[in-house]
Amino acid sequence: MPNDRLKDNVLIKVENLHTHFFTEDGVVQAVNGVDFAIREGEVMGLVGESGSGKSVTSLSIMRLLGASGKIVDGKVWLKGRDLSQLTEEEMVKIRGNEISMIFQQPTSCLNPVFQIGAQVAEVMEIHQGLGREDAWQQAIEMFRKVGIPDPEGRARNFPHEISGGQAQRVMIAMALSTVPDLLIADEPTTALDVTIQAQILDLMRRLRTETGTAILLITHDMGVIAEMADNVAVMYAGQIVEYTDVNTLFETQLHPYTEGLLAAIPVLGEVRDTLAVIPGSVPNLINLPPGCKFHPRCPYAKPVCVAEMPRLDEVQPGHKVRCHMRLPETMDQWAGVGRADWHFFGDEVMEVVEMAGEAQS
Amino acid sequence: MTATARTIGPSSRAEDATQESQVRVVFRRFRRHRLAVISAILLLVIFGASLLAPVITTFPRDAIDVSSPERPAPPGTVSRDGRMHLLGVDHLGRDLFTRVLYAARVSLTIAFLVVLISETFGSLLGAVAGFYGGRVDMILSRINEFMLTIPQLPILLIISAILLKRDVVLPMPGFVSRLLSALLLAPEREAQKVVVLVLILVLFGWLSAFRLMRGMALTLSKQDFVEALRAAGSSDARIIFRHIVPNGIAPILVSASLNLGAVIVLESALSFLGLGVQDPTPTWGNMLDFARSYMFKHPWLPLVPGIPLVIVSMGFNFIGDGLRDALDPRLKR
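Chains as they are written, first to last, in this note's numbering: chain A, 40 to 400; chain B, 55 to 387.
You may find that some hints are simply not true.
Stated by the list, open to error - Derived lysine-lysine pairs resembling DSS-like cross-links, with alpha carbons at most 30 Å apart: (1) B:Lys-351 - A:Lys-132; (2) A:Lys-109 - A:Lys-52; (3) A:Lys-184 - A:Lys-109; (4) A:Lys-114 - A:Lys-184; (5) A:Lys-132 - A:Lys-184; (6) A:Lys-114 - B:Lys-351; (7) A:Lys-118 - A:Lys-132; (8) A:Lys-132 - A:Lys-109; (9) A:Lys-109 - B:Lys-351.
No lab work stands behind these hints, which were simulated from the structure alone.
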């Protein structure tokens, strides 16, 4: 069991996080009351479609929301300190030091005009006060650790001279050079091809074991979740709709959205005429639907779903869900309802897929 | 490029290879631009001659040769004491070859100082404006645009008339005026007045660098690597000065070399109008001013400072063109 390794100390705790973006078109409610905790050394997966608020949640933790984004409510506790209350100067010391981050497009995350070794060294100069020469040596050491061949030579390369997979290794080297408590990996393998993907995941797993760094893994790839995560939070429209450990999630999905997500994974070798999709697409975050945010796309929806927003409730030990179907006071309404069929035929699929748009991206 | 060769080659020496090859590529591309190379050679000759002025000519800068047969006198005039004036003497009897060399020191020093200060100042300010955007950008850009819309020369004339004609000297640390006086081979008092002129020219000099760097910072600040730098704990100042400015330095270099020519002409124009550097400090501009009164009788007089002036300002323009091509990463070979 992956959970045996986990210590019980809570490293980071996000409480009732609300993050909004104030734009000309209106207020984009990107995150609407997210709660979760990550223990030391834990890998927590955050899944959901594009626009579900996964990335904004991580950027809120880092306080990197830009000029228009604002944490309007909630707290982010890192080892007893509320990050949402810190000054920018204090945050600068935490970023890259206690919390590091890696991104989806590794190559474009490196400054094109500097050698990659210098860029990794710079992080150590900032946070560990190393001299230039020491930092350079440390950078080469990190390159060796993340499996970059010929680290001394490669350190002199410029970003355009290395491949995407190598660039992600460089980013990981940079992120872990300061031995952070938490690594936020925002779709770290999405831009890489499958074999490189596997290598990067292997590397992250190995480094996690070596350094004990907790990882917040943001992805929409259920395969990556299955391989990496201890616990999983499923996000929809800026809320967590389901939270449990990874094994339980793949066995029993309590939320219809999670059910749809997993149904949509094609099974290798299986030939069928239908395609599983979640109809419709993510709601407009400026103008969210009333009640349960998922009801317009939910095959199980009943009037209560439109009328009232369900709360996130621990309906089974360690398994939280935000759905009227599972809440004790309303679950009777679904007595005798069977599992929905997420599969659609030919023309239907085209229509649904078109509607779904981003959902599959 | 040589990227593939480098990655395959032995690693221990890859360091120097990488660093050097970047410079070498630029140099090789620059060499293909024939006019730029010719200009560079001519400019080097003029720089060298002006640096070696006290060695090349035996006349003191301001010495009046009373034994000259006429004043002004044409090139090649031999005075009664047997010394030859290679380019003749001016209306006061001062050796023109000597003065044109010393003037080169002054004109070039002013040009380099003005360009160095204004490109640095302009691009740092531009980087800040482009990076932060919003209100900071609004204010800085409006100031910039305001300065661009007002006609430069009349304003410069007014300011120089006030400051230079009244002998206003700004307080400055002693080493500045001493350094400058050594550079110009002129008394400290003259050097201090040159500083005033430099600052007057910087007043309008920073505008183009600001716009250039602001535009680049605007796009650069939205790139992923800036976000990654923030996530790695870089402060805004570090991102702006250590990462954004170096990314935009190539176009600034080109604009600097183009501006060098423009500043030399502008300084000459001010001096020509009697409002720049004042006699006895020679510049190409005030030498032209004196030549004006005699140019119909002695047509060689304006040519003495005029020819190097044209060569230098055109030369910097050609070099700028050459640099632009050489630094353009889109041209591979």
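Here is how each hint holds up against the structure:
no. : hint                  : in the structure
1   : B:Lys-351 - A:Lys-132 : violated (74 Å)
2   : A:Lys-109 - A:Lys-52  : holds (19 Å)
3   : A:Lys-184 - A:Lys-109 : violated (37 Å)
4   : A:Lys-114 - A:Lys-184 : violated (35 Å)
5   : A:Lys-132 - A:Lys-184 : holds (24 Å)
6   : A:Lys-114 - B:Lys-351 : violated (86 Å)
7   : A:Lys-118 - A:Lys-132 : holds (15 Å)
8   : A:Lys-132 - A:Lys-109 : holds (20 Å)
9   : A:Lys-109 - B:Lys-351 : violated (77 Å)
The earlier numbered hints that this structure contradicts are 1, 3, 4, 6 and 9.
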